[in-house]
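Fit chain B to the supplied structure of chain A, relying on the hints for placement.
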Amino acid sequence: MNWDTAMQAQKGETPNAQDMELADAIGVLQRLRDVVRGQVIGRDDVIELVIIALIADGHVLLEDFPGSGKTTLAKALGDAIDKTCGGDDRESEHFIAPFRRIQFTPDLLPSDVTGVPVFDSASNAFHFRHGPIFAHVVLADEINRTSPKVQAAMLEAMGEKQVTVDNVTYPLDELFFVIATQNPLDLVGTYPLPVPQLDRFLFKISMEHIDRLSELEVLETWQSRRDGAGSDPAVTRDELLASRAAIDRGVAIAEVVKTTLVDISRKLRADERVLQGNSTRSLVLMLPALQAAAALRGRNFVSAEDIELLLPRVLGHRIELAPGAADMNRILHDNMREPMERLAGSTLDRG
Amino acid sequence: MTQLAEFEYSGRQSLLPALARAAIIAGSYWLLSLSLTVATGSLAAVAGCIAACVLTGLPERENPFKRLRTAVILLAAALLATMGVIAASLITGSSAVATLFGPVAAFHLAEGVKWLCFSFALTGAVRVLALRSSAGGIVEVLLVATGFVIILSAHRNGMINRPFFLGDFALSRGLDPATILLALGCGAVLCLSALLLVEENRRRLPYHFALFGLLCLSLIGYVQTFGLPTPQMTDDLGLTGNSAQRRDNPFHDGENNTENKQAPVAIVVFRDDYEPDGGAYYFRESAYSQWNGYMLDFTSLPDMDRDLIAAPGAPARETVGSEGRRLVSATIGTLVPHRSPFGLDAPIAFENAPNPNNLRFKRTWDAHSLVPEFDLNEMLGRPVGNPDWPEAVRQEYLRLPDDARYGELAREIVGGLRPQYAADPFARAWAIKNYLDRNGIYSLANEHAYAEDPAASFLFGDLTGYCMHFAFASTYMLRSLGIPARVGIGYSVPAANRAGGSSLLIQAIHGHAWPEIYFEGYGWVIVDPAPQRTLVDMTTDPQNELQQLLGDMLRGEAAFEEFLQEQAGYTINWQFVLGALPALLAALVLAGYAVKIYRLWIPAAAGLAAQHRLSYRAAVDRLAAVGVRRRFGESREAFARRASATAPALETLTAWHLAHALGERPPSLSIEDWNATRRRVSGEISGNTGTGKKILAILNPFSWARAK
Numbered sequence: 001m002n003w004d005t006a007m008q009a010q011k012g013e014t015p016n017a018q019d020m021e022l023a024d025a026i027g028v029l030q031r032l033r034d035v036v037r038g039q040v041i042g043r044d045d046v047i048e049l050v051i052i053a054l055i056a057d058g059h060v061l062l063e064d065f066p067g068s069g070k071t072t073l074a075k076a077l078g079d080a081i082d083k084t085c086g087g088d089d090r091e092s093e094h095f096i097a098p099f100r101r102i103q104f105t106p107d108l109l110p111s112d113v114t115g116v117p118v119f120d121s122a123s124n125a126f127h128f129r130h131g132p133i134f135a136h137v138v139l140a141d142e143i144n145r146t147s148p149k150v151q152a153a154m155l156e157a158m159g160e161k162q163v164t165v166d167n168v169t170y171p172l173d174e175l176f177f178v179i180a181t182q183n184p185l186d187l188v189g190t191y192p193l194p195v196p197q198l199d200r201f202l203f204k205i206s207m208e209h210i211d212r213l214s215e216l217e218v219l220e221t222w223q224s225r226r227d228g229a230g231s232d233p234a235v236t237r238d239e240l241l242a243s244r245a246a247i248d249r250g251v252a253i254a255e256v257v258k259t260t261l262v263d264i265s266r267k268l269r270a271d272e273r274v275l276q277g278n279s280t281r282s283l284v285l286m287l288p289a290l291q292a293a294a295a296l297r298g299r300n301f302v303s304a305e306d307i308e309l310l311l312p313r314v315l316g317h318r319i320e321l322a323p324g325a326a327d328m329n330r331i332l333h334d335n336m337r338e339p340m341e342r343l344a345g346s347t348l349d350r351g
Numbered sequence: 001m002t003q004l005a006e007f008e009y010s011g012r013q014s015l016l017p018a019l020a021r022a023a024i025i026a027g028s029y030w031l032l033s034l035s036l037t038v039a040t041g042s043l044a045a046v047a048g049c050i051a052a053c054v055l056t057g058l059p060e061r062e063n064p065f066k067r068l069r070t071a072v073i074l075l076a077a078a079l080l081a082t083m084g085v086i087a088a089s090l091i092t093g094s095s096a097v098a099t100l101f102g103p104v105a106a107f108h109l110a111e112g113v114k115w116l117c118f119s120f121a122l123t124g125a126v127r128v129l130a131l132r133s134s135a136g137g138i139v140e141v142l143l144v145a146t147g148f149v150i151i152l153s154a155h156r157n158g159m160i161n162r163p164f165f166l167g168d169f170a171l172s173r174g175l176d177p178a179t180i181l182l183a184l185g186c187g188a189v190l191c192l193s194a195l196l197l198v199e200e201n202r203r204r205l206p207y208h209f210a211l212f213g214l215l216c217l218s219l220i221g222y223v224q225t226f227g228l229p230t231p232q233m234t235d236d237l238g239l240t241g242n243s244a245q246r247r248d249n250p251f252h253d254g255e256n257n258t259e260n261k262q263a264p265v266a267i268v269v270f271r272d273d274y275e276p277d278g279g280a281y282y283f284r285e286s287a288y289s290q291w292n293g294y295m296l297d298f299t300s301l302p303d304m305d306r307d308l309i310a311a312p313g314a315p316a317r318e319t320v321g322s323e324g325r326r327l328v329s330a331t332i333g334t335l336v337p338h339r340s341p342f343g344l345d346a347p348i349a350f351e352n353a354p355n356p357n358n359l360r361f362k363r364t365w366d367a368h369s370l371v372p373e374f375d376l377n378e379m380l381g382r383p384v385g386n387p388d389w390p391e392a393v394r395q396e397y398l399r400l401p402d403d404a405r406y407g408e409l410a411r412e413i414v415g416g417l418r419p420q421y422a423a424d425p426f427a428r429a430w431a432i433k434n435y436l437d438r439n440g441i442y443s444l445a446n447e448h449a450y451a452e453d454p455a456a457s458f459l460f461g462d463l464t465g466y467c468m469h470f471a472f473a474s475t476y477m478l479r480s481l482g483i484p485a486r487v488g489i490g491y492s493v494p495a496a497n498r499a500g501g502s503s504l505l506i507q508a509i510h511g512h513a514w515p516e517i518y519f520e521g522y523g524w525v526i527v528d529p530a531p532q533r534t535l536v537d538m539t540t541d542p543q544n545e546l547q548q549l550l551g552d553m554l555r556g557e558a559a560f561e562e563f564l565q566e567q568a569g570y571t572i573n574w575q576f577v578l579g580a581l582p583a584l585l586a587a588l589v590l591a592g593y594a595v596k597i598y599r600l601w602i603p604a605a606a607g608l609a610a611q612h613r614l615s616y617r618a619a620v621d622r623l624a625a626v627g628v629r630r631r632f633g634e635s636r637e638a639f640a641r642r643a644s645a646t647a648p649a650l651e652t653l654t655a656w657h658l659a660h661a662l663g664e665r666p667p668s669l670s671i672e673d674w675n676a677t678r679r680r681v682s683g684e685i686s687g688n689t690g691t692g693k694k695i696l697a698i699l700n701p702f703s704w705a706r707a708k
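These protein sequences, in sequence, are chains A and B.
The opening residue of the first sequence carries number 1 in this note's numbering; numbering runs sequentially from there.
The opening residue of the second sequence carries number 1 in this note's numbering; numbering runs sequentially from there.
Treat the hints with care, since some could be wrong.
To be verified - Computed far set for chain B versus chain A, every beta-carbon distance over 10 angstroms:
{"hint": "1", "residue": "92"}
{"hint": "2", "residue": "93"}
{"hint": "3", "residue": "303"}
{"hint": "4", "residue": "702"}
Stated by the list, open to error - Lysine to any residue pairs mimicking SDA-like chemistry, simulated, CA-CA at most 25 angstroms apart:
{"hint": "5", "chain 1": "B", "residue 1": "596", "chain 2": "A", "residue 2": "342"}
{"hint": "6", "chain 1": "A", "residue 1": "258", "chain 2": "B", "residue 2": "664"}
{"hint": "7", "chain 1": "A", "residue 1": "258", "chain 2": "B", "residue 2": "633"}
{"hint": "8", "chain 1": "B", "residue 1": "433", "chain 2": "B", "residue 2": "325"}
Unchecked claim - Here are some chain B residues pointing at chain A (derived, C-beta under 10 angstroms):
{"hint": "9", "residue": "613"}
{"hint": "10", "residue": "630"}
{"hint": "11", "residue": "636"}
{"hint": "12", "residue": "658"}
{"hint": "13", "residue": "663"}
Think of the hints as simulated: they come from the structure by calculation, not from any bench.
Note that beta-carbon positions come from the ideal geometry of N, C-alpha and C, so glycine has one too.
Just chain A, with the same shape it has in the complex:
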């Protein structure tokens, strides 16, 4: 839907401060999206979801196959974020990288992720060498291949935004975003993530092969993209954090939207094909994601469209199906229809 034209009528008016702030935030998101789109071709939908997760302060789990462009995506996102920003120079800043990739293997140790104290003979003291997790964007590749203790360390960092080594806690940056991947087919010698750990991820996204034209375009432009890889960052860390705050304040969530979310959850839990329904936390986590999705579409309110887009991604990996039930999309769809109809119908009600 062309929301820009929809909002054109607003021009000429003097919008209030909140709207201006929100307009800036929307600008930041769209800039980020456009830059990443320039680097990753044919993955517009995934890029959108990843940016939504970034703004909603969540993490994503990509289920895909090798060579599908997930590293490119994560790197493009990391490169697009300029970590330096004038004036606000904090102590921790120099060791925060824009992008890091961690390849998870069975023999990986937690300290390989978090970092380790090393003895400095010059100062005659231990000091902490930061691990690869100290970055804005972390690509945790094949997270199901490593041992549970490494997974736990990783997931603690994701949940608490801090790492603890030798009883010393090191905070991670406010802008900390993990893109984890796992191969859904090659399961030999893996440690699959249990549902409670999956719960740490805002989205689980199954990627499909890109379409023919996009694939052709990738082959056409790979050289130019390789050479221009060091393109200028599009947004700064502070801009992103400011956008996050502005969207949180500026995008309205109507009462009926919340009612719809709760109704869908309750229906899902009551569905006999569902063994265990989604948690309340998943709904709480969904709200900022819905706001970000609305903002990305230039709206200052959450609408049914956002629910349609996000609800399956947010709830899909948080629901355990009863034995025999397999089609998660069908079950979600069946349970969404009625509350969604009520939501659509409510907009014509006399307010």
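The following block gives chain B in isolation, referenced to the frame of chain A:
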């Protein structure tokens, strides 16, 4: 990513509901056809219905109807039904089929073809409608309902025990068969409605069922006012039916069958005690007496058959000889329309009697008759003919076909009489009766009907025929011997059928024709041949309960009568309903238009605060009118995207609408913005829609009902 935004309904049906549906529809066809056709026709109807159900219910890929437009299918169905009727008339009309397979087989074949085509076409058309449109299912339910309504109404028309097994079951337990039929019909309709709800591909909305109720109501109203096709007797010797209607040929062999023979046609309540000597009650309606050039017919001479009564009230112009006769009165009520009244042999006067129950009896009258008390042997030595007859009349009673064989055979038969009786008319008549008794074979299926002289074809052929043949053959032979004779027609009921009470049930099978001879002083005396060999089982269930019940009703003193009265108390004033129904419909339509116009007009009059709701609703109304509607569960944005082929501006309107409804800081717009965009939507809709659809959109009074 978008797989969840699609709202597709699968058209697949599971086997069990499909079978149940087919069974219910076939059942209604079967019930309906029971009273309208023979067993072959009923079977064909069921087969056609099931075939249509199976064909339309096939999965998408194999479905032969899949690629056809609905209009084409409906047209083809109409064509098929017409072809069936034409084929049936060709089969019965062609002599080739009749000679190849015999007239009975031809008749059955024709009925089978007709009903097969009819039920296949109708079921197929209705099933396709039900599968393709949400309102079509209502037609299907209505069809089944109609089937039962017709049965019910036929029941009310006096076909009280039809279908027999149900009627007998109910009557023997003291129930009104209508109750059982009603329960069956309601059950069938309810099941079918439930099956329609189960059918996944279309959503049935409550207003569909309101529509269904309305259609049912108007159907009942129609039935109450104009009646429904009354099931016809297939053969009753022309006794029943409208008085204007008379068959040219009293012989109609191919159409004879015993299917409907048990159907009750009249009830007689004796006012005087009477038990016939001959073992059967004879009710005379009229007589074939005058030679019309090719066979005997009703007389056209004023002086002939003066004993017959033209109409109730008019007395017989000639009193039959009262010797050996006694006056017996009886009240007769007909359950099906009859050509003319009849009375016990020999009726002398009919008087209209009050009809105790208009629902049940077509006509009631008191018949006063002089019943014979004499022994037939008294006829020995009696002279025949009436001396008062003019010579022309006497000659008429002696005329017969120009066929010498009648006289030859008659003389050969009477040649065996003992000399002292050789010239006696009664002895001669008795000899002829004995000849036919011994040599004739009673059969309903024979092939004399279309011979030039069916009686000759019978008498000098295989001697296989039914009462009409026996009566005509003996009358001709009697006349060839100079004995005035005629063919009396009416009913003949075995005395054993009367179960002790004063009432007697006449069934269709009792329709009869017999030869009668005029003896001086005694009047017309029935000398009825009774063939000893028969190919037909003529025994009937005397239906004593029914006889009792109908007799009580005719006397106007039945408990059943109270039951019906009680029912009458509940019935609605149909004239009023029928008058009110169109008014109600018109009011509904007007109300629909009022709401429609109001919803389209109100945005122009409303203030800015309500614009987001009213303007958007008006635009959605306009789209719904041209068939673009939001699906259940579809979001407004997705709908706007889908509708953008018709009205791209709806996206803008949707965005504004949602910003007001769900957002906190909606864009500030002026009334002009709203009006302009709404008009743009209207303009785009009319630009992108065909004229036909636009006209329908304007005409439909309830287009707004499905806009959400």
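Hint by hint, here is what the structure shows:
With a closest Cβ-Cβ approach of about 57 angstroms to chain A, residue 92 of chain B is found to remain outside the 10 angstroms limit, as its non-interface label requires. The beta carbon of residue 93 of chain B sits about 60 angstroms from the closest Cβ of chain A, which is more than 10 angstroms, so the claim that it is off the interface holds. Non-interface call for residue 303 of chain B relative to chain A: holds, since the shortest CB-CB distance, roughly 88 angstroms, exceeds 10 angstroms. Listed as a non-interface residue, residue 702 of chain B keeps its Cβ farther than 10 angstroms from every Cβ of chain A; the least gap is roughly 18 angstroms.
As the CA atoms of residue 596 of chain B and residue 342 of chain A are separated by approximately 23 angstroms, the hinted pair is consistent with the 25 angstroms bound. With a C-alpha separation of about 15 angstroms, the suggested pairing of residue 258 of chain A with residue 664 of chain B holds against the 25 angstroms cut-off. Restraint check for residue 258 of chain A and residue 633 of chain B: satisfied, since their Cα atoms lie roughly 17 angstroms apart, inside the 25 angstroms limit. As the CA atoms of residue 433 of chain B and residue 325 of chain B are separated by approximately 23 angstroms, the hinted pair is consistent with the 25 angstroms bound.
Look at residue 613 of chain B: its Cβ gets to within about 6 angstroms of chain A, closer than 10 angstroms, so that hint holds up. With a least beta-carbon distance of about 7 angstroms to chain A, the hint placing residue 630 of chain B at the interface is held under the 10 angstroms criterion. A least Cβ separation of about 5 angstroms between residue 636 of chain B and chain A falls short of the 10 angstroms threshold, and the interface hint therefore holds. A least Cβ separation of about 5 angstroms between residue 658 of chain B and chain A falls short of the 10 angstroms threshold, and the interface hint therefore holds.
Annotation: interface hint on residue 663 of chain B holds; nearest CB of chain A at approximately 3 angstroms, less than 10 angstroms.
Checked against the numbered hints given earlier, this structure breaks none of them.
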